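Add chain B to chain A, keeping to what the hints say.
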Amino acid sequence: MSRRDEILRIEDLYVHFYTYAGVVKAIDGVNMSVLRGETYGLVGETGCGKSVTMRAVLRLIPPPGRIVKGRVIFNGVNLLELPEEEMRKIRGAKIAYIVQDPTAALDPLYTSGFQVAETILAHEENVGKKSVWERVVSLFKSVLIPDAERRVKQYPHEFSGGMRQRVVIACAISEKPELLIADEPTTSVDVTVQAQILEVLEDLKKTQEMTMILVTHNLGLVAQICDRVGVMYAGSIVEVSDVFRLFEEPLHPYTRGLLNAIPHVTRTQFRLEPIPGTIPDLINPPPGCRFHPRCKHATGICKREKPKLREIEPGRFVACHLYRGD
Amino acid sequence: MEAPLIQVKDLVKYFPVKKLFITVGQVHAVDGVSFEIMRGETFGLVGESGSGKTTLGRLMLRLLTPTSGDVVYNGRSIFELEGGELKEFRRRAQIVFQDPYTSLNPRMTIYDILSEPINVHKIRIPDKREYIVKLLETVGLGEEHLYRYPHEFSGGQKQRIAIARVLALRPEFTVLDEPTSALDVSVQAQILNMLKELQSEFKFTYLFISHDLSVVKFMSHRIAVMYVGKIIEVAPSDDLFSEPLHPYTQMLLSALPVPDPKYTRSKQIIKPRGQVPSAISPPPGCRFHPRCPFAREKCKAEEPELREVKPSRLVACHLYS
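Chains A and B, in that order, give the protein sequences. When we follow numbering that gives the first Met the number 0, the leftmost residue of the first sequence carries the number 0, and every step to the right adds one. When we follow numbering that gives the first Met the number 0, the leftmost residue of the second sequence carries the number 0, and every step to the right adds one.
Extracted from the complex, chain A is given alone in its bound form:
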């Protein structure tokens, strides 16, 4: 396969959390490749490890969690081997991160404009106060906050949820990052506000030539804005595909289950098809394929051997013994 320019590559990543109850094997061999300029959707349910994987990229795993092994290659450099000093120059400048809850991301004691300015001052030396302030105002304008000159002087509590998320986005794009990780950026807002925020993100992506990773559990959102999608289950990526083929013909039984379990406004449904069982305990995960206890196609090999993520047709990867092709 001819590879387009790869901006981020995660190889064989393992992250464990050492708790009193035992070792939580949260990330269990994640392999992921993000191409420059694309919007990559990382989907999965609560606790599948989407956010932990993204935090590992920035080396922001809180204790008792630890990256056990693996490589995170960003623009050809393994981030996991960089000294902390170098890493700090990447966070916020080359790779920016938008968290789910904008209220928690902003400090209530400082004006929203100051918090955007702080990001700029943390990464740049010898910038004048006035020029920074002008940039903050234009950043507010670029995320479509009306009345920017007045709004920069206001505190986070004076903003609505959707407007706060825009301030967080303004912080994130202040250094023109190459990669923007948006972790459930619209989960706490209503659909009409969500549509407005997505518009801002998509515009910025175009004008600033950013690559974006969208972490979400919302399959509708993925269908709307992503180019390629990785589906996560219990600490591994089980399927990677371009968005059209994924929704047309999902390969992994978990992806199929997920798509059958959601109500569709475009269809008349009398029953949904739930996935039986619940997500496994990651302290004692099931052996072999972690999905096998819930899978109706499971056979002997699924219980013994963990399937590898393999390319079964150009651009489509799946980690499932059903597609061994022998």
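Calculated from the structure, these hints are not laboratory results. Everything numeric in this text was worked out from a predicted model, so none of it was measured. A virtual CB, placed ideally from N, CA and C, is assigned to each residue, including glycine. Not one of these hints is a red herring.
Here are the in silico distance ranges between beta carbons for each label pair:
1) 241/B x 153/A: 34 to 44 angstroms
2) 23/B x 87/A: 44 to 54 angstroms
3) 139/B x 107/A: 36 to 46 angstroms
4) 295/B x 152/A: 35 to 45 angstroms
Here is chain B on its own, set in the frame of chain A:
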């Protein structure tokens, strides 16, 4: 579906806004709402946060007292009920809350949680333990869960327990206030299927409140759309999605990402403009006019009434007058 089980008549609820003990304004949470729910029907209520959905649900159970207006249940105003009649209403009308983590007492076992409503309402059953085990089995749990505490269960299981607690009283009417918003989609599907099955088995009437349009469509026979304290459109579930009449409903549907890349990228998008207005000082005339692409002079001055414009389609908009 025959006679209406519940009639909501011009219901209004204002909450005072106080500054230093002085009332400075009022939140118009529910502002003149009327509709009927038929027996055996699921009536869906959608709207964005702050539109008054939850307040309306609570008024219909007399968990809040209205500023004015009335709720008539089985021919009687629920705000006039007293003593034994009120208690009987409390048995017949139940609620399942959004957050299963806070709606179960962490210091009670499942057995205690499920026997409480039976004891309070002095429901006579020969064998209480057997009855409770049966309830658990109805919601997909079992005898082995009887003496566990809420923290030992997952979110989906907790919501099942909350539903079993409602079933214990054999109610007629249940308000489901965002019952699956805190759950993952694979678990949500289990709960929604179960609620539908229970409805056909026990002939329940539901008021289903949610901000998730696809979930409301799946569950409801008819849907009402709320915007800043008002119902602006009522329609049979499929019709609302195939042909939304009110400009706000149209905006809401076009903003909804659909899990079908070809469809969702080709559909016509009405870009949402502006923000939801404050419920303390809602705009005069039609509350949606500042954001409406079709607003005319009349919309700024005169508030449209909810009227039937086609058989079984009600809409509050001057475009259809």
